[in-house]
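Undergrad: Protein chains in written order, with this note's numbering: chain X, 494 to 731; chain R, 62 to 311.
Careful, some of the hints might be misleading.
[What the hints assert, rightly or not] Derived pair list, reagent style DMTMM-like, types lysine to aspartate or glutamate, alpha-carbon separation capped at 25 angstroms:
hint : chain 1 : residue 1 : chain 2 : residue 2
1    : R       : K306      : X       : E616
2    : R       : K173      : R       : E136
3    : X       : K675      : R       : D305
4    : R       : K121      : R       : E281
5    : R       : K278      : R       : D67
6    : R       : K119      : R       : E281
7    : R       : K150      : X       : D561
8    : X       : K525      : X       : D561
9    : R       : K150      : X       : D587
10   : X       : K628      : X       : E609
11   : R       : K173      : R       : E183
12   : X       : K608      : X       : E623
13   : X       : K628      : R       : D118
14   : R       : K206      : X       : D699
15   : X       : K622      : R       : E295
16   : X       : K675      : R       : E295
17   : R       : K150      : R       : E186
18   : R       : K306      : X       : E714
19   : X       : K726      : R       : D305
20   : R       : K220      : R       : D128
21   : R       : K206      : X       : E706
22   : R       : K306      : X       : E712
23   : X       : K525      : X       : E510
24   : X       : K570      : X       : D496
25   : R       : K206      : R       : D195
26   : X       : K525      : R       : D302
27   : X       : K525      : R       : D305
28   : X       : K726      : R       : E235
29   : R       : K306      : X       : E679
30   : R       : K306      : X       : E706
31   : R       : K306      : X       : E717
32   : X       : K628      : X       : E679
33   : R       : K278      : R       : E92
34   : R       : K278      : R       : D118
35   : X       : K726      : R       : D302
36   : X       : K675      : R       : D302
37   : R       : K206      : X       : E714
38   : R       : K175      : R       : E186
39   : X       : K726      : R       : E237
40   : R       : K220      : R       : E90
Hints listed in this document are in silico derivations from the structure and should not be mistaken for laboratory results.
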Amino acid sequence: MTDIVLQLEKLESGYGEVQVLWGISLAVRPGKVTTIIGANGAGKTTTLRTIMGTVSPWSGRILMNGQDVTKLSPHTKASRGLVLVPEGRQLFPDMSVQENLEMGGYSHRARKQLKENLARVFELFPRLKERRTQKAVTLSGGEQQMLAMGRGLMQQPVVLMIDELSLGLAPVLAQQLFLTLKTLKEQGITIILVEQNVHLALAVSDYTYVFAEGRVPIEGESREVASMNEVRKAYLGL
Amino acid sequence: MTALLDVSRVTKRFGGLVAVSDVSFTLVEGEILGLIGPNGAGKTTLFNMVNGVYKLDKGKISFAGQDITNRPPNEVVHLGVARTHQIVKPLYGMTVLENVTVGACFGRDYLKLKPARKVAIEVLERVGLADRADTPARSLTIAGKKRLEVARALAAHPKLLLLDEVLAGLNPTEVELMIGMVRSIRDSGISVLMIEHLMQAIMSLSDRIVVLNLGSKLAEGRPAEVVQNSDVVEAYLGFPDIVDKLRGVQ
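Okay, chain X solo, but in the shape it has when bound (with noise of 0.2 angstroms):
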């Protein structure tokens, strides 16, 4: 089992009453990136969330690297190198660019790095060096975007879950963004993107699965999965 990073078996979480999750079964590759799709309210942020753990699991197993974590903290698997990069991106407004870095950067596993780590995320960002000084809240959404992710590489993560990169953001910088994701791909980072664009992530992706209210009705090779009819149809528009 050591070609997959992260597996999930049969795993069912929600919210309070409302069950969300009807028993998610995927695997992830390492060095792979991993596409997760579906309309509104299929599951697939709470996938992510009960992942990692902020949201409670109710049944099923989540193995990385052949352990069983499913039951561990939020911080336990950050401190393991699960690292999720979250919706509306969450970052620290009043701090500047450079201190919301070395907010991903100061746990145990990476802080020794730390140098080395935000000099990899500027080479990747240049943006961000030029922007080191300003305050996170006077970020354009592309930069913030870019933050997000940057904060989230400064943990140096074993899986880095994006959960919708493109949301809300211009045609180029979202093709920009993807083209990172391309370079962090090849530089053996192990990915699993949540995304409305479709056709991008089709694109980037090896692997995709298609959620539909909590459950997995198709999966496949990216390539495969971008040539159904009904993945056409439903998400692509075509």
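Here the structure of chain X is known, so what remains is to put chain R in place on it, guided by the hints.
TA: The following block gives chain R in isolation, referenced to the frame of chain X:
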């Protein structure tokens, strides 16, 4: 064909940053005018200038023949300009119906509670939220909250509706529904100024498009003209071969 909205050489600075610089355009009554441009281009700032949230540093804005420059938002909505917000802002402690009722109470007609509620019910029918009237606003999905934004603005009985990214975050089916709704709003006699990133949608909806970049007007024209403008392609639309570029590594 007189201009309903006339934005004339407006400028807005935040400290050293010129967010909107010397921008002019007009919107003709009955028109859907699209406002596009990269993030940080000044689109939402321009909305905030039109509806009075921000004071102008320079320039003039007229609506229906009246100077509305620097009039406060409550007066602007009373004159007939309503808006939605990019980040949906329902009153979270209230139901869907109560939210829309508030829009009618503080809109163009300053309705009392009872007639306001009647208007709110009609508007909810119109946007397809009637069955959610008693739902707490917080428990709507994103698509529901976007519709609630539109409903609340419509309840203000506007002549001009400013829509700030009402399609962001919607899936293709929901996008289709919202596009139909915007068309029917215009057909009911309300003019529309809309910010949108979803190109197919804005191209099919707009009569004309204004493109902003770095605070300035980059281009203006019919959709077909604007997409062929090389400045617009470079600043905004990006690489036509992006999918091939992304696939390259596989």
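Undergrad: If a hint holds in the structure, say so; if it does not, say that too.
TA: Verification of the hints:
no. : hint              : in the structure
1   : K306(R) x E616(X) : holds (21 angstroms)
2   : K173(R) x E136(R) : holds (17 angstroms)
3   : K675(X) x D305(R) : holds (12 angstroms)
4   : K121(R) x E281(R) : holds (19 angstroms)
5   : K278(R) x D67(R)  : holds (15 angstroms)
6   : K119(R) x E281(R) : holds (21 angstroms)
7   : K150(R) x D561(X) : violated (40 angstroms)
8   : K525(X) x D561(X) : holds (21 angstroms)
9   : K150(R) x D587(X) : holds (22 angstroms)
10  : K628(X) x E609(X) : holds (22 angstroms)
11  : K173(R) x E183(R) : holds (16 angstroms)
12  : K608(X) x E623(X) : holds (17 angstroms)
13  : K628(X) x D118(R) : holds (24 angstroms)
14  : K206(R) x D699(X) : violated (33 angstroms)
15  : K622(X) x E295(R) : holds (24 angstroms)
16  : K675(X) x E295(R) : holds (21 angstroms)
17  : K150(R) x E186(R) : holds (21 angstroms)
18  : K306(R) x E714(X) : holds (18 angstroms)
19  : K726(X) x D305(R) : holds (21 angstroms)
20  : K220(R) x D128(R) : holds (16 angstroms)
21  : K206(R) x E706(X) : holds (19 angstroms)
22  : K306(R) x E712(X) : holds (23 angstroms)
23  : K525(X) x E510(X) : violated (35 angstroms)
24  : K570(X) x D496(X) : holds (19 angstroms)
25  : K206(R) x D195(R) : holds (14 angstroms)
26  : K525(X) x D302(R) : holds (22 angstroms)
27  : K525(X) x D305(R) : holds (18 angstroms)
28  : K726(X) x E235(R) : holds (14 angstroms)
29  : K306(R) x E679(X) : holds (13 angstroms)
30  : K306(R) x E706(X) : violated (32 angstroms)
31  : K306(R) x E717(X) : holds (18 angstroms)
32  : K628(X) x E679(X) : violated (31 angstroms)
33  : K278(R) x E92(R)  : holds (19 angstroms)
34  : K278(R) x D118(R) : holds (17 angstroms)
35  : K726(X) x D302(R) : holds (22 angstroms)
36  : K675(X) x D302(R) : holds (15 angstroms)
37  : K206(R) x E714(X) : violated (34 angstroms)
38  : K175(R) x E186(R) : holds (17 angstroms)
39  : K726(X) x E237(R) : holds (13 angstroms)
40  : K220(R) x E90(R)  : holds (9 angstroms)
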